[in-house]
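S.K.: Chains as they are written, first to last, in this note's numbering: chain A, 1 to 528; chain B, 1 to 528.
FYI, nobody ran anything at the bench for these hints, they're computed from the structure.
Even glycine gets a Cβ: it sits at the ideal position worked out from N, Cα and C.
Do not take every clue at face value.
[Stated by the list, open to error] Here chain A is said to cover these stretches of chain B; the calculated rule only asks that three of the stretch's residues, wherever they fall, bring their Cβ under 8 angstroms from a Cβ of chain A:
1) 170–183
2) 195–206
3) 307–318
4) 356–367
5) 478–492
2 protein chains.
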Amino acid sequence: MEKGFERDFYRLFNPRSIAVVGASNQPGKWGFLLPMNIIGGGYRGKLYMVNPGEERVLGFPAYPSLAQVPGPVDLVVVAIPARKVPEVVRQAAEKGVKNVLVVSSNFSEVGGEGAELERRMAEMANGAGITIVGPNTMGLYSSSSRLLCIGAPVRPLPGKVGFVSQSGNLGVQMLTWGRRRGLGFSRFVGCGNSANTDITDYLEYLGRDPETEVILLYVEGVKDGRRFLEVAAGITPRKPVVVLKTGKGEQGKRAVLSHSGALAGPYELFRGAMRQAGILEVETTEEMLDLAMALSSLPVPPGARVAVLTLGGGWGVVATDALEREGLELSELPPELIRELDPHLPVFWSRKNPVDLVGNAHRSSHFVALEALARCREVDLLVAMGVMFGTNYWAEDILSTSVRPFLRMLSRGLGALIRYQLSLGKGVRRSVSKRGERSREGSGGINPLEAWKWSDRAMTRKILSLMKETGKPIIPVAVNESELSVSLRFRRARLFTAMTPERAARVAGHLVRYSRFLRENASGGSGF
Amino acid sequence: MEKGFERDFYRLFNPRSIAVVGASNQPGKWGFLLPMNIIGGGYRGKLYMVNPGEERVLGFPAYPSLAQVPGPVDLVVVAIPARKVPEVVRQAAEKGVKNVLVVSSNFSEVGGEGAELERRMAEMANGAGITIVGPNTMGLYSSSSRLLCIGAPVRPLPGKVGFVSQSGNLGVQMLTWGRRRGLGFSRFVGCGNSANTDITDYLEYLGRDPETEVILLYVEGVKDGRRFLEVAAGITPRKPVVVLKTGKGEQGKRAVLSHSGALAGPYELFRGAMRQAGILEVETTEEMLDLAMALSSLPVPPGARVAVLTLGGGWGVVATDALEREGLELSELPPELIRELDPHLPVFWSRKNPVDLVGNAHRSSHFVALEALARCREVDLLVAMGVMFGTNYWAEDILSTSVRPFLRMLSRGLGALIRYQLSLGKGVRRSVSKRGERSREGSGGINPLEAWKWSDRAMTRKILSLMKETGKPIIPVAVNESELSVSLRFRRARLFTAMTPERAARVAGHLVRYSRFLRENASGGSGF
Numbered sequence: 001m002e003k004g005f006e007r008d009f010y011r012l013f014n015p016r017s018i019a020v021v022g023a024s025n026q027p028g029k030w031g032f033l034l035p036m037n038i039i040g041g042g043y044r045g046k047l048y049m050v051n052p053g054e055e056r057v058l059g060f061p062a063y064p065s066l067a068q069v070p071g072p073v074d075l076v077v078v079a080i081p082a083r084k085v086p087e088v089v090r091q092a093a094e095k096g097v098k099n100v101l102v103v104s105s106n107f108s109e110v111g112g113e114g115a116e117l118e119r120r121m122a123e124m125a126n127g128a129g130i131t132i133v134g135p136n137t138m139g140l141y142s143s144s145s146r147l148l149c150i151g152a153p154v155r156p157l158p159g160k161v162g163f164v165s166q167s168g169n170l171g172v173q174m175l176t177w178g179r180r181r182g183l184g185f186s187r188f189v190g191c192g193n194s195a196n197t198d199i200t201d202y203l204e205y206l207g208r209d210p211e212t213e214v215i216l217l218y219v220e221g222v223k224d225g226r227r228f229l230e231v232a233a234g235i236t237p238r239k240p241v242v243v244l245k246t247g248k249g250e251q252g253k254r255a256v257l258s259h260s261g262a263l264a265g266p267y268e269l270f271r272g273a274m275r276q277a278g279i280l281e282v283e284t285t286e287e288m289l290d291l292a293m294a295l296s297s298l299p300v301p302p303g304a305r306v307a308v309l310t311l312g313g314g315w316g317v318v319a320t321d322a323l324e325r326e327g328l329e330l331s332e333l334p335p336e337l338i339r340e341l342d343p344h345l346p347v348f349w350s351r352k353n354p355v356d357l358v359g360n361a362h363r364s365s366h367f368v369a370l371e372a373l374a375r376c377r378e379v380d381l382l383v384a385m386g387v388m389f390g391t392n393y394w395a396e397d398i399l400s401t402s403v404r405p406f407l408r409m410l411s412r413g414l415g416a417l418i419r420y421q422l423s424l425g426k427g428v429r430r431s432v433s434k435r436g437e438r439s440r441e442g443s444g445g446i447n448p449l450e451a452w453k454w455s456d457r458a459m460t461r462k463i464l465s466l467m468k469e470t471g472k473p474i475i476p477v478a479v480n481e482s483e484l485s486v487s488l489r490f491r492r493a494r495l496f497t498a499m500t501p502e503r504a505a506r507v508a509g510h511l512v513r514y515s516r517f518l519r520e521n522a523s524g525g526s527g528f
Numbered sequence: 001m002e003k004g005f006e007r008d009f010y011r012l013f014n015p016r017s018i019a020v021v022g023a024s025n026q027p028g029k030w031g032f033l034l035p036m037n038i039i040g041g042g043y044r045g046k047l048y049m050v051n052p053g054e055e056r057v058l059g060f061p062a063y064p065s066l067a068q069v070p071g072p073v074d075l076v077v078v079a080i081p082a083r084k085v086p087e088v089v090r091q092a093a094e095k096g097v098k099n100v101l102v103v104s105s106n107f108s109e110v111g112g113e114g115a116e117l118e119r120r121m122a123e124m125a126n127g128a129g130i131t132i133v134g135p136n137t138m139g140l141y142s143s144s145s146r147l148l149c150i151g152a153p154v155r156p157l158p159g160k161v162g163f164v165s166q167s168g169n170l171g172v173q174m175l176t177w178g179r180r181r182g183l184g185f186s187r188f189v190g191c192g193n194s195a196n197t198d199i200t201d202y203l204e205y206l207g208r209d210p211e212t213e214v215i216l217l218y219v220e221g222v223k224d225g226r227r228f229l230e231v232a233a234g235i236t237p238r239k240p241v242v243v244l245k246t247g248k249g250e251q252g253k254r255a256v257l258s259h260s261g262a263l264a265g266p267y268e269l270f271r272g273a274m275r276q277a278g279i280l281e282v283e284t285t286e287e288m289l290d291l292a293m294a295l296s297s298l299p300v301p302p303g304a305r306v307a308v309l310t311l312g313g314g315w316g317v318v319a320t321d322a323l324e325r326e327g328l329e330l331s332e333l334p335p336e337l338i339r340e341l342d343p344h345l346p347v348f349w350s351r352k353n354p355v356d357l358v359g360n361a362h363r364s365s366h367f368v369a370l371e372a373l374a375r376c377r378e379v380d381l382l383v384a385m386g387v388m389f390g391t392n393y394w395a396e397d398i399l400s401t402s403v404r405p406f407l408r409m410l411s412r413g414l415g416a417l418i419r420y421q422l423s424l425g426k427g428v429r430r431s432v433s434k435r436g437e438r439s440r441e442g443s444g445g446i447n448p449l450e451a452w453k454w455s456d457r458a459m460t461r462k463i464l465s466l467m468k469e470t471g472k473p474i475i476p477v478a479v480n481e482s483e484l485s486v487s488l489r490f491r492r493a494r495l496f497t498a499m500t501p502e503r504a505a506r507v508a509g510h511l512v513r514y515s516r517f518l519r520e521n522a523s524g525g526s527g528f
């Protein structure tokens, strides 16, 4: 695009010094929030405040203009009214600055004069070899330099996901959701109006950025579709690129126009081309985050055959339907696998994929089934439902299942309560003496001696070691768990958990498509 | 179907006495969990335990057989091996029992002998006018009789949603999710193998059940499609019926067969017919719960025109795309509405639908925009994004945005900290004296005097009163909120909040389709 000069994105994300033009002491203003976040985020380089009306901003000396800032500046951050911004760019050019981030709005997104202003500013920047981030951007984040240069109250987790967003608002929200779910980011940048950049420029940089292992893009429109696809195709054989594309329909296109001013082209063509370039396209924001978590923690499956483990038939059917919608095939289970599982399950178990544990509450049989399926040569990916996780909820449920009858019996009088407790004691003693053995005609009976195996920690360890051993992804589904414990497990153990079987199937579909793409592109070489 | 006798579903859900055959003292067994739940759930009728090997079960006297239970029995619950069940049905027939719930598995779902056993049992039951719930059912729940007859640790919230599920496991999970999100149920029943019932029988009952206002069905297959559709069509003009249908593809059909033994027919035909009958079909379990919550708390919109309120363009585009996918149209905003909003928003606001508040942090302008859009004659439904809710997170975010810079400055020495605090004090004083006024070229500036308006309570009250006044649904989106506060708000104030704009759009699509169905069927009468 408007290149003709070498961009310095390394210094954009790792500036040694920053000047904030329009820095303010007044809460709620962009010029206040940005330096507050830069300071609070732990940025360690030089920080200059520019404000002609103040002697100090947030305790730092304030300079009347950028030109008067004493030292060299790697990044200028601008938060003043639009019409005053070109003068700042001029001063930046004189100072030899290479990156100017413009938070101010009222440029091309309003058309007319604003568009003209933006055009002039871009021209000036091009001439001086300056990359303008924005205008109308929410800012950027960079974990390696602890730079939180974002105009919103947000605290991203540091991590390995690089994220370029054509919406700052949506971008910031994804960082917040990421934090809540345990997903960390290496870089974030809001494109804003892309005065003299294209989303492709950022994508290209993230492709070679060693801090970034997974790339997310929120795309409303690209300036040069062909270049975007070429750059992406150069990255996808090494790093997954996930795209959420909007502005697909007519109303959506109009909404895009009045948001970022981008022109969204014919979507269907673009969609096919993205797939060919190995880009993983998601449909929703929720799916984008799910997939980012999965890609940053799961191995790519060796093939497309999926096994489903479930505690009851219904979830198995729901998962099968959802997997089928994704175009995946369910593994045919070999007879030796069925023989292996047979002694551990009730006589009436499915003997088919989905493997239905039919309510079997022996924890050891859950482990046996997981192991057998993960190791099976007919299985490339495993979706594990039922009570894989959720100790906290189960403990709560089981407690309430025990405490409430106790209270009810108490309310019937002491005699009733004593008789109840005596009966219960007898049952528990029998349970212990039988070690949970049961007639294979029933599925019930918990073995009190395997209680420790019910912990989420034991299951986490089992799944992680099976993934390591087999190189296949295992996606547990948290049908009985809170967001919080799912998130904590991801942060502590890097084990992704889908919130529903349908969301697990979406992720599985993407993993399988990516695996197919990688295999098809393995022979031809990735072009570098 | 196999009718020929009058079912007594009223007594199934409101039994005066229950006998549990196979009642046990041994934790983990069905025969243990079921009476524990019945007792703990607060059931107030007579409870008899039947177990030939025990003198007492859970403190209650145990009878050697059903025949030996002294009083009349409205509901028999059976949890013994399959081959012994027909004898219990025979005794139930002799006792004049009308409802037998069979938890035991190993019937038609395993084919062969099991199927034959089930056929014989059903024949006997038909002859005696007994409805068999199951076999292979997880049980039932009924709020009016405080009957928690479910073989899993679960505590449904009482409420107005009736739920029939062809999977017990999935059903129980939905009850648990419901509890976590604040959604209450009037009835739940797991169909199991439907020995001498069809899901239609339960649907028919819920249709005339005064305790039930919204009906959910998880359907793998129906025995008589025509009757199902007829019964549904008789209900939908009065109560919404939501269906999650699985077994759509080939693999899914096979999974259904080995689960409930049902034969799933050609889906596409069924789908169209369901729509014609006014049934709302959902695609995922998550969507089923979202819609149940929306239908039990929101008014049906008067038309199909949607307005979107957003704090940033990106979310507006995402919502527009998702609404378009649902076939909804975005309202054209009339000029007088634009004039009304103009003074409250920055000069560069969108002046179009989606109404983009462009990061405006004046709380009063959020209220103004909400009011204006809800009252606008071009708007039938409103999706409200941005910071409608989430005080707890905002407080946390803003606190961390303030505390972290404080700590950083402290680490630079006392002098730096003092200078920082002096600057900040000056800014805050200026903010207060300006009362958050700002140049309309900027969007920043928070008015400290409207702090109370930022509470979730103030916004809840505003939205509820606007819905009451206009009769239009308003769907706030919790882009910045936890599951817990969303759930608490639903329980306390019955205000539904969507977790993402895409999920809000799905719900909006269903509401608009249901509204169209109701209008089209208003003139013709609903047939009763």
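S.K.: Taking beta carbons only, do three or more residues of the stretch 356–367 of chain B come closer than 8 angstroms to chain A?
M.R.: Coverage by chain A holds here, the residue count being 4 at a Cβ distance below 8 angstroms.
S.K.: Report holds or violated for chain A covering the stretch 170–183 of chain B, Cβ cut-off 8 angstroms, minimum 3 residues.
M.R.: holds (count 5)
S.K.: Quick check: the stretch 195–206 of chain B, covered by chain A? Criterion 3+ residues, Cβ under 8 angstroms.
M.R.: violated (count 0)
S.K.: Are at least 3 residues of the stretch 478–492 of chain B within less than 8 angstroms of chain A when you compare beta carbons?
M.R.: Satisfied; 4 residues make the cut.
S.K.: The stretch 307–318 of chain B covered by chain A? Criterion: 3 or more residues, Cβ-Cβ distance below 8 angstroms.
M.R.: Coverage by chain A holds for the stretch 307–318 of chain B (9 residues, Cβ < 8 angstroms).
In this structure, only the earlier hint numbered 2 is contradicted, and the remaining ones agree with it.
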